[in-house]
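Asks: Use the sequences and the hints to build the structure in full.
Residue numbers (the working numbering), protein chains in the order written: chain A, 1 to 159; chain B, 1001 to 1448.
Note that these hints are calculated values from the structure, not bench results. Hints may contain errors.
[Claimed, not checked] Straight-line C-alpha distance at most 20 Å; calculated SDA-like pairs for lysine to any residue:
hint: 1; chain 1: A; residue 1: Lys78; chain 2: B; residue 2: Glu1388
hint: 2; chain 1: B; residue 1: Lys1114; chain 2: B; residue 2: Leu1082
hint: 3; chain 1: B; residue 1: Lys1201; chain 2: A; residue 2: Glu117
Chain by chain, the residues run as shown.
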Amino acid sequence: MTVSRDDVIDFLYAEVRMLDEGRFSEWLDLWLEEGHYWMPLDYKQADPDLVTSLLYEDHFMRRLRVERLNGERTFSQKPKSRCSHVIQRPFIDEFDAQAGRFVTNTSMHYVETRLDEQFLLALVATHELRLVDGNLRIANKRVDLLNCDAAFGNIQLLP
Amino acid sequence: MGKYSDNPAAVSALVQQHQVHRDTYIDAEIYALEMKHLFANTWVFVGHDSQTPAKGDYITTQIGDQPVIMVRHTDNEIHVLLNRCPHKGTKIAIDRSGNTGKFFRCPYHAWSFKTNGCLLAIPLKKGYADTDFSESEASHGMLPVGAVQNHRGFVFARLAATGISFDDYFGESLSSLDNMVDRAPEGRLEVAGPPLRYMHKCNWKMLVDNQTDTCHPMVAHESSAGTAIKLFEDSDWPDDRPKPMAMEIIAPFMSPYEFFEEMGIRTWPNGHGHTGVHHSIHSDYSMAPDYLDSMTAAHGAEKAQEILGENRHNTVYFPNIMIKGPVQQLRNFIPLGPDRTLVESYVYRLVGAPDVLLQRTAMYNRLINAPTSMVGHDDLEMYERAQEGLHVDGLEWINIQRLHTEVEDYSAAQVENGTTERQMRNQMQAWAHFITVSMGGTTEEAAQ
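Replies: Take a look at the structure:
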């Protein structure tokens, strides 16, 4: 399979649609096992794990997060939260079809709601994608919140 | 005058040994009295001195509802000043940290102050020549807090000019802070990055109570810790591969009641106490061999074993912080209103220890204390439900009776079954004392 720029962009749109529709188990399958889902706590944070991050989740933790969301005794998800990503057309910062390696930069507005509460986060997602057996997969994902250093209430789903 | 102002007897009546009236958690007047009295009379955590390593370095923070600046003066001592220009009230600094050089300069009219608060200069000073300016409180410069103490890097302050001394206030409870610092081969800690900042729509004391509440983890955290154990068991993890660090951290939350009963709770006078006297959820963390070597080199084998054998769980320093010695973590429960609390969770590097320990510490912080934490989500859900539920009329008391004995004496240290709510009782007895001690002109003796 030859990957086009549109394929890369479609993949990113499909990913946020999965999250918005609560198809978290499918979302897990987008990932390569060794990848990390990183959300820094500090503006322009360089180190993921020797200072605190909001998230720095490996395969095990991502699965735990999704299993928990689906669980029976997940009290903070009774009732469940919902989310919406509105994304800008991604920049493709690296496009190496031969090596099957791509890096994108996508601005998004993320809205999460539960009961009468709703909040908005502005963020930039950086994806490292790989082509494996003809499919695009997430090798790493970094989500930089515009107000990462602000005090938040619960952020329960996946910006 | 309201129901409680200038009425220490009415305030004291809200605290019985086995139950506490809901007004301590929901009433705006009580909250105002807490800010005015409780947070002035107690020793409150301000910051760590590694946050201001160089002369002129400062951080802005608060003691109760009072904005303060912690700053390193030219003599290298840490000063804590109220963050208000004595002229018109402008906050002198608003960024969370910075370096001000040799003096602060108010951005409004350029009054300047030494980093110990003393007034340095006023532009066009001749305008005050024929006034009684030197008689005015503004002439003294920025207001310092009543007292400051730097204990092995941890800076505490008492707003009130007079009151209990640092040593009398904390006494033997400092052993938990000391153990945390002693775990560094070089005997000191350094702050590791900015804190998590997590907003809670509940009273600050709910968070303090929860630190020694050992009957909730296996219930409230089943969705995260219980699911983690199940996932791990289903994963066919090879025996020779080290367990994921996250499992080491999260799995002990599902320990049975007996585990928490046997771990013990110790209370100290003035509202301090800790869980995990004999063992804790931190006891079975894997040890980095080179860390043990450097601790042995620094302290000798026996002392190193003694330091590392102490695995206290949560230590509450009344009124509003908790530390975890074995994971070098401090949580500050900052009151913002009767039903609003900002939780700042700091982690520290053990100077001289291998990075893998800091990695675990930072992981603990994000797994348990972050606004994105699967564990934190369920805690906050409980606090917010309680904050709303407490408004039910006809059931106005919060029960803290578990393992209450008929007459309890909180004036001496004591060790009890780890599921007792004695530490919550201990906190509220201290609360009743320190909030009333300066109320309505009564003296400490009169309040007792």
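Asks: Does each hint fit the structure? Answer for all of them.
Replies: Tested hints:
Only pairs whose Cα atoms come within 20 Å are accepted, and Lys78/A paired with Glu1388/B is accepted, the gap being roughly 16 Å. Restraint check for Lys1114/B and Leu1082/B: satisfied, since their Cα atoms lie roughly 13 Å apart, inside the 20 Å limit. Restraint check for Lys1201/B and Glu117/A: the C-alpha separation of about 12 Å stays at or below 20 Å, so the hint holds.
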